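In case you want the letters, here they are:
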Amino acid sequence: MEGTELAVQVVGTWLALVLSLILLPSAFGVSLGISEVYMKILVKTLEWATLRIEKGSPKESALKISASGGIIQRDESPMEKGISGHRGRDFELSDVFYFSKKGFEAIVEDEVTQRFSSEELVSWNLLTRTNTNFHYISPRLTMVWVLGVLVRYCFLLPLRITLAFFGISLLVIGTTMVGQLPNSSIKNWLSELVHLTCCRICVRALSGTIHYHNKQYRPQKGGICVANHTSPIDVLILTTDGCYAMVGQVHGGLMGVIQRAMVKACPHVWFERSEMKDRHLVTERLREHIADKKKLPILIFPEGTCINNTSVMMFKKGSFEIGGTIYPVAIKYNPQFGDAFWNSSKYNMVNYLLRMMTSWAIVCDVWYLPPMTREENEDAVQFANRVKSAIAVQGGLTELPWDGGLKRAKVKETFKEEQQKNYSKMLVGNGSINTESS
Amino acid sequence: MRKCSVYSLNSLLTFNQYVLNAYYGQDMALLKALEELHRLSREDFQRIPELAINPLGDRIINAFFPEGEDQVNFRGFMRTLAHFRPIEDNEKSKDVNGPEPLNSRSNKLHFAFRLYDLDKDDKISRDELLQVLRMMVGVNISDEQLGSIADRTIQEADQDGDSAISFTEFVKVLEKVDVEQKMSIRFLH
Chain A
1 MEGTELAVQV VGTWLALVLS LILLPSAFGV SLGISEVYMK ILVKTLEWAT
51 LRIEKGSPKE SALKISASGG IIQRDESPME KGISGHRGRD FELSDVFYFS
101 KKGFEAIVED EVTQRFSSEE LVSWNLLTRT NTNFHYISPR LTMVWVLGVL
151 VRYCFLLPLR ITLAFFGISL LVIGTTMVGQ LPNSSIKNWL SELVHLTCCR
201 ICVRALSGTI HYHNKQYRPQ KGGICVANHT SPIDVLILTT DGCYAMVGQV
251 HGGLMGVIQR AMVKACPHVW FERSEMKDRH LVTERLREHI ADKKKLPILI
301 FPEGTCINNT SVMMFKKGSF EIGGTIYPVA IKYNPQFGDA FWNSSKYNMV
351 NYLLRMMTSW AIVCDVWYLP PMTREENEDA VQFANRVKSA IAVQGGLTEL
401 PWDGGLKRAK VKETFKEEQQ KNYSKMLVGN GSINTESS
Chain B
1 MRKCSVYSLN SLLTFNQYVL NAYYGQDMAL LKALEELHRL SREDFQRIPE
51 LAINPLGDRI INAFFPEGED QVNFRGFMRT LAHFRPIEDN EKSKDVNGPE
101 PLNSRSNKLH FAFRLYDLDK DDKISRDELL QVLRMMVGVN ISDEQLGSIA
151 DRTIQEADQD GDSAISFTEF VKVLEKVDVE QKMSIRFLH
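Chains A and B, in that order, are what the protein sequence lines are. When we follow the UniProt record's numbering, the leftmost residue of the first sequence carries the number 1, and every step to the right adds one. When we follow the UniProt record's numbering, the leftmost residue of the second sequence carries the number 1, and every step to the right adds one.
Bound-form chain B, shown alone:
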């Protein structure tokens, strides 16, 4: 099981369409071959300068690694990446009876929800919101101001009165947002 640099995987990603079609088309042979070859660790991701300077870099890297594991294989990598596939691509591979594709609006929102939900209890608590906010603003905003931002956000979103944001409440707040445009990456051919 060799470790490989993320860049060498970039050239594999030019076969993105092949692989994702294989995934949705359940081409197990191809997937099995690919998944045995490469593994990535957190250090591999941290070596990407543009990711290292991203305020939410650590949360994004975390999204790739399953619970308690330090390595992600190619299949897991592609699964996470698949969240950012444009929704319109689903028109081409319509499978009404299949599982909901990873890049559906709902799954994209779930991905964003998990960025906030640090302890994976399906709720965004005030504390978790504060921690993520702190990552995004650094040292430039005081605890008090940040606290009031967090309070306001929870107040607006919370509907069942538990002072936390559940996934349903999260979806409701973001119902007018163009998730497709903000959370999709288009490949050039």
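Looking at chain A on its own, in the form it has when it is part of the complex:
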């Protein structure tokens, strides 16, 4: 029938366009400049939108929270200074002020749990999902928003899904095929080629614009690459610029298929769920991997969970006990174009990917930092904190000592006990208590 013929023709043209304009250039690492043009138009539109919003609501601009600053003035001085000027003094009724003020500061501005939900934007970026505090401003703005919705859902989304489909299929087919070859340098080269091509295609599938800085510090073979974790896309972002050996649990479903395919082409380190519990086993296998200088660098996210990209939380010491050279990497997303944070308690993977594919774009900066090794007098925890500071400073993120695991678990009692101990030391001082009235 004419209807089906037409449909076939449309789909055919569509696929041909996608192939020639996007897939082939990606394979060769060449860019045709289409995405740059798109980004320029996007930036101009968002700037215009920001100006319109600010003009439309002058009163509210006085109440804007700065993007990285807090909403209250905090006194970060230690307990001794906060309660009184010197140590070893007696209990006073006013001591309770210190704890209550600290408690209220925590209630007004919770530094920790806010990191487990998306960052609030200073200015609306024309996506419905970030529209929390902004009201109707003008008909023109609304029209632009409607146009944006149409572009994102009716044009970009199908395009991106097509690309993602191609990217993942090519990855699975390519790695399986390369896996059939005997071990040789050609196999490694081909494996790298397949990886890089498929990653570039997948990055286009998200309209990703990534800036890599300091490429001279890119992780080398036999090392461990650590980075802050915001979403599963972090992996994609890093592997587009180099090949890594992944570490993690074996999953089922689509992820499992991808994992098994990837392992055929080059050695990754996948663990069964039961094996992950055995810390020694994990450490041993990772040590074996990096001892072989021909194997790809391992990619680890020491936070252990996704954080919302405004801060870096506690780095678990396990990765820093293995030894070897650590190559820190800082990843910072630009929230104006799309929120990359995966809030796993709110959205499942499919939902998350759909949200990614209906954002404007994913724009991020990746900084490679100079390699670090553990020093003589440093233990794993101190080393982990040193690396964490370096990453936080480079990425412009706040540094927090809190465990990302607080997303799901309660905080340990030991922290409260520590505070109680500090306070007791203040009262008891050098061992004597003033029991007589002065």
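Careful, some of the hints might be misleading.
Stated by the list, open to error - With the Cβ distance kept under 10 Å, some of the chain A side facing chain B (calculated, not the full set):
| no. | residue |
| --- | --- |
| 1 | 91 |
| 2 | 106 |
| 3 | 113 |
| 4 | 410 |
| 5 | 411 |
| 6 | 420 |
| 7 | 427 |
Claimed, not checked - Some residues of chain A that are not near chain B, with every Cβ distance over 12 Å (derived):
| no. | residue |
| --- | --- |
| 8 | 11 |
| 9 | 40 |
| 10 | 149 |
| 11 | 210 |
| 12 | 280 |
| 13 | 292 |
| 14 | 317 |
| 15 | 371 |
| 16 | 393 |
Said to hold, decoys possible - Think about it this way: if two alpha-carbon atoms lie no more than 20 Å apart in a straight line, the pair counts; the simulated SDA-like pairs of lysine to any residue are:
| no. | chain 1 | residue 1 | chain 2 | residue 2 |
| --- | --- | --- | --- | --- |
| 17 | A | 295 | A | 244 |
| 18 | B | 182 | A | 79 |
| 19 | A | 277 | A | 403 |
| 20 | A | 44 | A | 334 |
| 21 | B | 123 | A | 94 |
| 22 | A | 221 | A | 248 |
| 23 | A | 317 | A | 248 |
| 24 | A | 421 | B | 49 |
| 25 | B | 120 | B | 67 |
| 26 | A | 412 | B | 50 |
| 27 | B | 123 | B | 160 |
| 28 | A | 101 | B | 178 |
| 29 | A | 101 | B | 176 |
| 30 | A | 187 | A | 173 |
| 31 | A | 421 | B | 139 |
| 32 | B | 172 | A | 90 |
| 33 | A | 416 | B | 50 |
| 34 | A | 101 | B | 186 |
| 35 | A | 416 | A | 401 |
| 36 | A | 421 | A | 79 |
| 37 | A | 421 | B | 58 |
| 38 | A | 101 | B | 110 |
Quick caveat, the hints were computed from the structure, so don't treat them as lab data. All values derive from a computational prediction rather than experimental measurement. Where is the CB? At the ideal position from N, CA and C, for every residue including glycine.
Knowing the structure of chain A, use the given hints to seat chain B on it.
Chain B alone, transformed into the frame defined by chain A:
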């Protein structure tokens, strides 16, 4: 009546000035709208890690909940929070004939007094002082030492000889303390 997380209320608190002005300016319409929307329970507060590790965390959480109730609405939340508003903010909204603002020096002291007064009988007894002290020091000080600290404190403060501290005596002991600085939270604009 949805329950909402404390964090989502944090963004409402950026409108702190609006709301407190509405409260002092008796803008009932706005307050009524806000107070119907959100309710908090004790678990919501306990989910804040920095509050969970505060030795007086439970007493602070308790201060938000009216007698015998398990939920606090937005208005009650803001009333309790208002105690920590800086005193100098009162200069801007002078209302000589109105009720004493919640963040006056006297009311701030009353708030601190209530942290000690566990049974709400307007007296801090030796027992109550001991319990609060125990919360603050954990297991690090013996009963005897803690007892002598409590005895000394009551001895110094007590003026009417009832071995307990009344609110007037409490105020007298703390007359030289800079309550404004120690019990105020400043919002950045």
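The hints, checked one at a time:
1. 91: Residue 91/A check passes; min Cβ-Cβ to chain B is 5 Å, inside 10 Å.
2. 106: Residue 106/A check passes; min Cβ-Cβ to chain B is 4 Å, inside 10 Å.
3. 113: Since the shortest Cβ distance to chain B is 6 Å, the answer is holds.
4. 410: Result: holds, 7 Å to nearest chain B Cβ.
5. 411: holds (4 Å)
6. 420: Holds - the Cβ of residue 420/A comes within 10 Å of chain B, reaching about 3 Å at its closest.
7. 427: Since the shortest Cβ distance to chain B is 7 Å, the answer is holds.
8. 11: The claim holds: residue 11/A sits with its nearest Cβ about 44 Å from chain B, beyond 12 Å.
9. 40: Given that every Cβ of chain B is farther than 12 Å from that of residue 40/A, nearest at about 32 Å, it holds.
10. 149: Since the minimum Cβ distance to chain B is about 25 Å, residue 149/A lies beyond 12 Å and the statement holds.
11. 210: holds (30 Å)
12. 280: About 30 Å separates residue 280/A from the closest Cβ of chain B, which puts it past 12 Å; holds.
13. 292: holds (41 Å)
14. 317: holds (20 Å)
15. 371: holds (33 Å)
16. 393: Answer for residue 393/A: holds, closest chain B Cβ roughly 23 Å.
17. 295/A / 244/A: Roughly 9 Å separates the two Cα atoms, so the pair holds.
18. 182/B / 79/A: holds (13 Å)
19. 277/A / 403/A: Holds, because 18 Å separates the two Cα atoms, which is no more than 20 Å.
20. 44/A / 334/A: holds (15 Å)
21. 123/B / 94/A: holds (16 Å)
22. 221/A / 248/A: Roughly 19 Å separates the two Cα atoms, so the pair holds.
23. 317/A / 248/A: holds (16 Å)
24. 421/A / 49/B: holds (18 Å)
25. 120/B / 67/B: Roughly 10 Å separates the two Cα atoms, so the pair holds.
26. 412/A / 50/B: holds (11 Å)
27. 123/B / 160/B: holds (12 Å)
28. 101/A / 178/B: Holds. Residue 101/A to residue 178/B sits at ~13 Å (cutoff 20 Å).
29. 101/A / 176/B: Satisfied, since the Cα-Cα distance of roughly 19 Å is no more than 20 Å.
30. 187/A / 173/A: holds (15 Å)
31. 421/A / 139/B: The given pair, whose Cα atoms are some 8 Å apart, holds under the 20 Å limit.
32. 172/B / 90/A: holds (18 Å)
33. 416/A / 50/B: Distance of about 9 Å is within 20 Å: holds.
34. 101/A / 186/B: Roughly 11 Å between the alpha carbons, so the hint for residue 101/A and residue 186/B holds.
35. 416/A / 401/A: holds (15 Å)
36. 421/A / 79/A: Measuring from Cα to Cα gives roughly 11 Å; hence the hint holds.
37. 421/A / 58/B: holds (18 Å)
38. 101/A / 110/B: Holds, at roughly 14 Å.
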